[in-house]
Amino acid sequence: MKSFGFQKIVDRQIDLDKADLSLVQALARELTGWQRCIGCGSCSATCTAAGMGSFNPRKVQMLVRMGQWDQVAQEAVHCQLCGKCRLVCPRDVDTRQLMLEFKKLQTISRP
Amino acid sequence: MIAEGKRHIWKDYQKEIADNNYYYARSCVRQNFFPASEQTFLRVMKHELGKEVFDDPLHTTCTGIAYHADVVNLPTIMTVVARQFALMTRQGLSNFVPSCITSFGIYTEILETWEHFPETLEQTRDFLYKATKREFKIPDNLAHSSDVIFKFKEQIAARAMFKLVNHISGKPLRGVEHIGCHYAKMFPHKGVGGAEYPYVLAGMIEAWGGEVIDYPERRHCCGFGFRQYVVQANRGYSLAHSQKKFESMEPYSPDFIVTNCPGCPFFLDRWQYVISETEGKTYGPDGHGIPVLTFEELTGLVLGYDPWELGLQAHQVAVEPLLDKMGITYDLSRKFVGRDGNKLGTPDKPTHLKVYGYGR
Amino acid sequence: MDGKHIVIVGAGPAGLAASSVLPRLGYRVTMIDRSNTLGGHLSKWYQLFPDRAAATVLLEQLTDEVPDSVSTMLGREVTGGSVSSGAVELTLDHGEHLSANGLIMATGFDLFDARRKEEYGYGIYDNVFTQAEIEEMFRQGQIETRHHRKPRSIAFLHCVGSRDLKAGVAYCSKVCCVTGVKQAIELRELLPDAAIYNFYMDLRMFGRGFEELYQQAQERYNIRFVRGRISEAAESSDGSVIIKAEDTLTSRPLKLTVDMLVLLTGMQPAAGSLELAAKLGLVLGDDSFLKPYGLTQQTFKTSYPHVVLAGSCTGPTTLTEAILSGRSAAMALHESLFKLTN
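Residue numbers (the working numbering), protein chains in the order written: chain E, 1 to 111; chain U, 1001 to 1360; chain R, 2001 to 2342.
Derived from the structure by calculation, the hints contain no laboratory data.
Some hints here could point you the wrong way.
Unchecked claim - Per the computed footprint, the stretches of chain R lying under chain E, defined by three or more beta-carbons under 8 angstroms from a beta-carbon of chain E, are: (1) 2161-2169; (2) 2176-2190; (3) 2219-2230.
Said to hold, decoys possible - When the alpha-carbon atoms are kept at most 30 angstroms apart in a straight line, the in silico BS3-like pairs for lysine-lysine are as follows: (4) U:Lys1325 to U:Lys1335; (5) U:Lys1325 to U:Lys1244; (6) U:Lys1171 to U:Lys1151; (7) U:Lys1011 to R:Lys2166; (8) U:Lys1281 to U:Lys1244; (9) U:Lys1349 to U:Lys1244; (10) R:Lys2166 to U:Lys1244; (11) E:Lys103 to R:Lys2166; (12) U:Lys1151 to U:Lys1046; (13) R:Lys2004 to R:Lys2166; (14) R:Lys2166 to R:Lys2291; (15) U:Lys1171 to U:Lys1325; (16) R:Lys2255 to R:Lys2166; (17) R:Lys2255 to U:Lys1281; (18) U:Lys1343 to U:Lys1354; (19) R:Lys2004 to R:Lys2301; (20) R:Lys2166 to U:Lys1015; (21) E:Lys8 to E:Lys18; (22) U:Lys1011 to U:Lys1153; (23) U:Lys1343 to U:Lys1171; (24) U:Lys1163 to U:Lys1354; (25) U:Lys1244 to R:Lys2255; (26) U:Lys1130 to E:Lys103; (27) U:Lys1281 to E:Lys104; (28) R:Lys2301 to R:Lys2174; (29) R:Lys2166 to E:Lys104.
Said to hold, decoys possible - Calculated Cβ distances over 10 angstroms to all of chain U for the following chain E residues: (30) Ile14; (31) Leu23; (32) Thr48; (33) Gly67; (34) Asp92.
We treat Cβ as the ideally placed atom computed from N, Cα and C, and that holds for glycine.
Full structure from sequences and hints, please.
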């Protein structure tokens, strides 16, 4: 490959036209309630796994809606399933269960 | 801090704890970490309180660690849990008492799941029968072993040989209580005192004469987090979490930390050693650490059991300063002698952390 | 309408507004309140959003409008009652009996009990307050911590007991957003050097002058806004409060130590309102507030033509709305009684 001394920058734009939203629909069939999230960040603030790394349960929920499954898959594995997110959520979202569902959907849909 | 405010909340989180006839489910790791704790629970229950506890050699791990590390799936762990219940049922018992907090969380969660999704209960019954020909009843009462000790804390106080009081100054000893995450964070109403201000260990400290420290990072996890520790490369996370707690509790000069989980005392104890070796930092006075005890060890000390029979020599942070404060006498020359009289060997002496009875 | 008797339960802004209208239309009016003072929550407030008008002045205006002919019964409770065609019968706490031709429910709201959000430690940590306590401090002209120190840092937390399904409160309490901004500005005037924060999920500046107040808070008063809901509070050894939130806009968990944490508690139906509604057979909505006939039209009407609803007993309202609805409810009742008679 010919080197020009630079690399093409990866476009960071979320392309909702091309995003894979099929898993969002699959998720909606498995679990309800997560649609209520208003992104207040209570879960991320209280999360044990957040803070020491990039894990951010609020952001994972947002990435799902945007169809960013690769990132969701990378992030969800950091959850420790302690359930504190669920305890503090004002919208009664079972974020812990959501993380479990992500993993399930990932394994079903992405062999 | 307004003590009355906490009592107001505790009123809302009373739980039913069976009075007698328990099926005891041991932890898969505690006997290695804190070798005498479970034995001490049985000793206290049977010999101090005169209760019937069945200690079953047939039960297995609940597979909670594997579940949390993604190795075992939900139907499998449900079937394993069902097998434990089948063993309990076989003994004609119905009060299930796990030793481990994660197990307690697993049992609680599974019982809730079965209640809300009866088809999963039927499926589990089916799996268990196909695999083992066993059948089971759902326990009438599920309580963690620390709940049981909590229930009898006053009776234990009445039999106490030593109080959580400085025997020279007469002042209460100050204790940090650390509750394992899986005790009440998932199901606050299943824990004594709830999830925000758990009372299960605080109640023991108070009943036995001590004073409870409420410090800013009290609610924070010890850092075990399963895959944070199970994968060696991730252990830095675990260490950082424990340190967050030590830094937060240090200004309160705690005399001890008491825990009710298998993992928490292990990490709160060991990481103090690791921090002392890597950063030269210790959290107690004069190079000492903060002694970390399981609730059974604390119960044993209060009841006057020999510290070495309680397995306190297996701790990395020296407990002798606490024993001295409580006025407990001990024989350092017997610290590393096993119950069979053979020498256990002596650990290497840490660089900074002050210890007693070590060689070299 | 001469001689017809109307009872107004509640002497807050809505009740006062209604009682100023009805005597002039020829009704005999009795106004009852549990409290010993007129004005409801208004009597406990210092300044009002968005223009910082003095609460005492508004209260005076409202009470001055009430004709002397209104019989006011303070410190009294309605303990029983029934509604029949064309009549309302009420029993009061001393066994007294009132017969009326019409009833206005102006039973108002209670502030959410902040102790129910255990993670914030209200009633446990020394320096966790509610906006009502801050308002009282403004009235006293002195802001200080529980240890009688001048605070160097204060954080407001929005939506405590609002938009919180865990607390059984799905609705927005509407006035807390702008109250937090108003109180932050008032604090700034008293404490020029303090760090003042607002932690919020959304800021709903819907009313006239609200958004402008928010802008002033940012620009002129140096109030710091953090878009993240506080997940827990803890007390440090010096009695200050350590809070945790996520700064959702930088996606990072955040920790902050403040001398005072102020919880902006939401509105819930007044306990007295619920008791009376049960006795009279009035219908409640899913939010437990009294349910009017419609949410757009006929917002004062109940299933009884001679019983109407006014003010915050039907859900969170601003003072402006409470006063307007008090007057409108009075007119709606008048129309209804007129139709019944003619």
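Here is what the structure says about each hint:
1. 2161-2169: holds (count 5)
2. 2176-2190: violated (count 0)
3. 2219-2230: holds (count 4)
4. U:Lys1325 to U:Lys1335: Holds - the C-alpha atoms of Lys1335 of chain U and Lys1325 of chain U are around 18 angstroms apart, at most 30 angstroms.
5. U:Lys1325 to U:Lys1244: holds, 27 angstroms
6. U:Lys1171 to U:Lys1151: Distance ~25 angstroms between Lys1171 of chain U and Lys1151 of chain U Cα, so the pair holds.
7. U:Lys1011 to R:Lys2166: holds, 19 angstroms
8. U:Lys1281 to U:Lys1244: The given pair, whose Cα atoms are some 13 angstroms apart, holds under the 30 angstroms limit.
9. U:Lys1349 to U:Lys1244: holds, 25 angstroms
10. R:Lys2166 to U:Lys1244: Given pair Lys2166 of chain R, Lys1244 of chain U holds - Cα atoms ~29 angstroms apart, limit 30 angstroms.
11. E:Lys103 to R:Lys2166: The hint holds at about 26 angstroms.
12. U:Lys1151 to U:Lys1046: holds, 15 angstroms
13. R:Lys2004 to R:Lys2166: violated, 46 angstroms
14. R:Lys2166 to R:Lys2291: Status holds; Cα separation ~23 angstroms.
15. U:Lys1171 to U:Lys1325: Holds, because 10 angstroms separates the two Cα atoms, which is no more than 30 angstroms.
16. R:Lys2255 to R:Lys2166: Holds. Lys2255 of chain R to Lys2166 of chain R sits at ~24 angstroms (cutoff 30 angstroms).
17. R:Lys2255 to U:Lys1281: Given pair Lys2255 of chain R, Lys1281 of chain U holds - Cα atoms ~24 angstroms apart, limit 30 angstroms.
18. U:Lys1343 to U:Lys1354: holds, 22 angstroms
19. R:Lys2004 to R:Lys2301: This hinted pair holds, its Cα atoms lying about 19 angstroms apart.
20. R:Lys2166 to U:Lys1015: This hinted pair holds, its Cα atoms lying about 21 angstroms apart.
21. E:Lys8 to E:Lys18: Given that 30 angstroms is the threshold and the Cα spacing comes to 20 angstroms, the pair holds.
22. U:Lys1011 to U:Lys1153: Holds, at about 18 angstroms.
23. U:Lys1343 to U:Lys1171: violated, 37 angstroms
24. U:Lys1163 to U:Lys1354: Holds: Lys1163 of chain U and Lys1354 of chain U sit about 25 angstroms apart, inside 30 angstroms.
25. U:Lys1244 to R:Lys2255: holds, 12 angstroms
26. U:Lys1130 to E:Lys103: holds, 28 angstroms
27. U:Lys1281 to E:Lys104: It is violated: about 43 angstroms lies between the C-alpha atoms, which goes past 30 angstroms.
28. R:Lys2301 to R:Lys2174: Within the cut-off at roughly 22 angstroms; holds.
29. R:Lys2166 to E:Lys104: holds, 27 angstroms
30. Ile14: holds, 29 angstroms
31. Leu23: Holds, because the least Cβ-Cβ distance between Leu23 of chain E and chain U comes to about 19 angstroms, which exceeds 10 angstroms.
32. Thr48: Check fails; 4 angstroms does not lie beyond 10 angstroms.
33. Gly67: Gly67 of chain E is indeed farther than 10 angstroms from all Cβ atoms of chain U, at 24 angstroms.
34. Asp92: holds, 14 angstroms
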